[in-house]
Each structure stands twice: as structure tokens, then as C-alpha cells.
Amino acid sequence: MVDLDAVEDGIWTLLAPYRAELEDATIYGMPSLRWPGSGGHDYFAAVKRSARKVSLYAVAVDTWPEALKGSSEEFKSLRTGKATFSFASLEGELRAELEAFLRRLYKPYREHHHPG
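Using the UniProt record's numbering, read the sequence shown as starting at 1 and increasing by one per residue.
It should be emphasised that the hints constitute simulated quantities derived from the structure, not laboratory data.
Because the structure is a prediction, the values reported are computed rather than measured.
Virtual Cβ for every residue (Gly too), placed ideally from N, Cα, C.
Please note that a few of the clues may not be correct.
[As the list claims (entries may be wrong)] With a straight-line cut-off of 27 Å between C-alpha atoms, the simulated BS3-like cross-links for lysine-lysine are: (1) Lys53 to Lys76; (2) Lys107 to Lys76; (3) Lys48 to Lys107; (4) Lys69 to Lys107; (5) Lys48 to Lys76; (6) Lys82 to Lys48; (7) Lys69 to Lys53; (8) Lys82 to Lys69.
[Stated by the list, open to error] DEER-style ranges, computed between Cβ atoms: (9) Gly92 to Gly40: 31 to 37 Å; (10) Pro65 to Gly40: 16 to 22 Å; (11) Gly40 to Ala96: 27 to 33 Å; (12) Ser89 to Gly39: 32 to 38 Å; (13) Ser72 to Asp24: 27 to 33 Å; (14) His41 to Gly92: 27 to 33 Å; (15) Ala88 to Pro115: 37 to 43 Å; (16) Arg52 to His114: 34 to 40 Å; (17) Pro65 to Pro115: 19 to 25 Å; (18) Glu23 to Ser72: 27 to 33 Å; (19) Ser72 to Thr26: 30 to 36 Å; (20) Gly70 to Thr26: 28 to 34 Å; (21) Gly39 to Asp5: 27 to 33 Å; (22) Arg103 to Ser77: 17 to 23 Å.
Please work from the sequences and hints to get the whole structure.
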């Protein structure tokens with residue numbers, strides 16, 4: 001049995017370091033993190049849980065697809081939409097890959113909002 005509570009908690013734990021600069025918001029009713037004052041689809045990450053998985057919406061990957069460089073094929077296969085990554089589990093190497101991906105994605109996202 002998949003523990004989706006643990007998956008969701010794990011995703012939010014990996015997003016926690018970015019809370020120092022980002023603000024809580026919602027997009028389509030989903031909790032999200034965005035640059036303060038930004039709006040619309042300019043968010044860093046949003047999280048939504050369904051019956052079988054937890055989805056991470058990382059719309060910035062559409063702008064900065066190089067953030068996926070170095071990701072394994074397994075990680076890339078979790079991309080179920082333009083900016084959606086769906087997780088039924090989040091253990092071991094997969095967790096480490098998500099952490100590294102978020103770090104790579106945050107760099108250009110931050111520079112876009114806070115140049116210099």
C-alpha cells in the first residue's frame with residue numbers, strides 16, 4: 001500500500017528550503033509557492049494529491065527545461081504533463097533526484113525575479 005501522506009510530506013519537505021524567499025499562494029485551489037508579488041502562472045511549485053499519486057506542478061520547467069539535464073530516464077518518465085511530475089512513491093534515489101531538480105530549477109527562477 002502506497003503511503004501518499006509520506007509522499008506529499010516528502011515533497012513539501014524538499015520545498016521547505018525555498019520558503020525563506022517564496023510566499024504561500026494557491027493556483028486553481030492547489031497550495032503553491034511563488035515569488036512574492038508574482039501572480040497567475042508565475043509560481044515555483046504547486047502540489048496536488050489524487051487517489052493514487054501526488055503531483056508536483058513545476059511550471060518553470062517549461063521556461064527552463066535545462067533543469068532536467070542530468071535527470072535519469074526514470075525521473076523524466078514521471079513527467080506526466082508539460083510541467084507535472086507525478087509520484088506514487090518518493091524514496092531513495094528518486095527523492096535525491098527531485099531535490100537536485102528543484103535546486104537546478106530554482107536557480108533560474110530566482111535569477112529571473114531577483115537579478116544580480
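Results of checking the hints against the structure:
At roughly 16 Å between alpha-carbon atoms, Lys53 and Lys76 fall within 27 Å of each other, so this suggested pair holds. At roughly 19 Å between alpha-carbon atoms, Lys107 and Lys76 fall within 27 Å of each other, so this suggested pair holds. For the hint pairing Lys48 with Lys107, the CA-to-CA distance comes to about 23 Å; that is within 27 Å, so the pair holds. For the hint linking Lys69 to Lys107, the alpha-carbon distance of about 14 Å falls within 27 Å, and the restraint holds.
The suggested pairing of Lys48 with Lys76 holds, with an alpha-carbon distance near 19 Å, which does not exceed 27 Å. Note on Lys82 and Lys48: the hinted pairing holds, with a Cα-Cα distance of about 15 Å set against a maximum of 27 Å. Note on Lys69 and Lys53: the hinted pairing holds, with a Cα-Cα distance of about 24 Å set against a maximum of 27 Å. A threshold of 27 Å between alpha carbons decides the hint, and for Lys82 with Lys69 the separation of about 16 Å falls inside it, so the pair holds.
In this structure the hint that Gly92 and Gly40 lie 31 to 37 Å apart at CB holds, the actual value being about 35 Å. The hint said 16 to 22 Å for the Cβ distance between Pro65 and Gly40, and at roughly 20 Å that hint holds. Evaluation of the 27 to 33 Å hint for Gly40 and Ala96 yields a pass: the beta carbon distance comes to about 31 Å. Checked against the hint of 32 to 38 Å, the pair Ser89 and Gly39 passes, with Cβ atoms roughly 33 Å apart.
A hinted range of 27 to 33 Å for the beta carbons of Ser72 and Asp24 is consistent with their spacing of about 31 Å. Checking the proposed 27 to 33 Å range against His41 and Gly92 shows it holds: the Cβ atoms sit about 32 Å from each other. Between Ala88 and Pro115 the Cβ separation comes to about 38 Å, which falls inside the hinted range of 37 to 43 Å. Evaluation of the 34 to 40 Å hint for Arg52 and His114 yields a pass: the beta carbon distance comes to about 37 Å.
At roughly 20 Å, the beta-carbon separation of Pro65 and Pro115 lies within the given 19 to 25 Å, and the hint holds. At about 32 Å, the CB distance of Glu23 to Ser72 agrees with the hint of 27 to 33 Å. The given range of 30 to 36 Å is respected by Ser72 and Thr26, whose C-beta atoms sit roughly 31 Å from each other. Range check, Gly70 to Thr26: about 31 Å between beta-carbon atoms, so the 28 to 34 Å window is met.
Look at Gly39 against Asp5: about 30 Å separates their beta carbons, and that is inside 27 to 33 Å. Separated by about 20 Å at the C-beta atoms, Arg103 and Ser77 satisfy the suggested range of 17 to 23 Å.
Of the numbered hints listed earlier, not one is contradicted by the structure.
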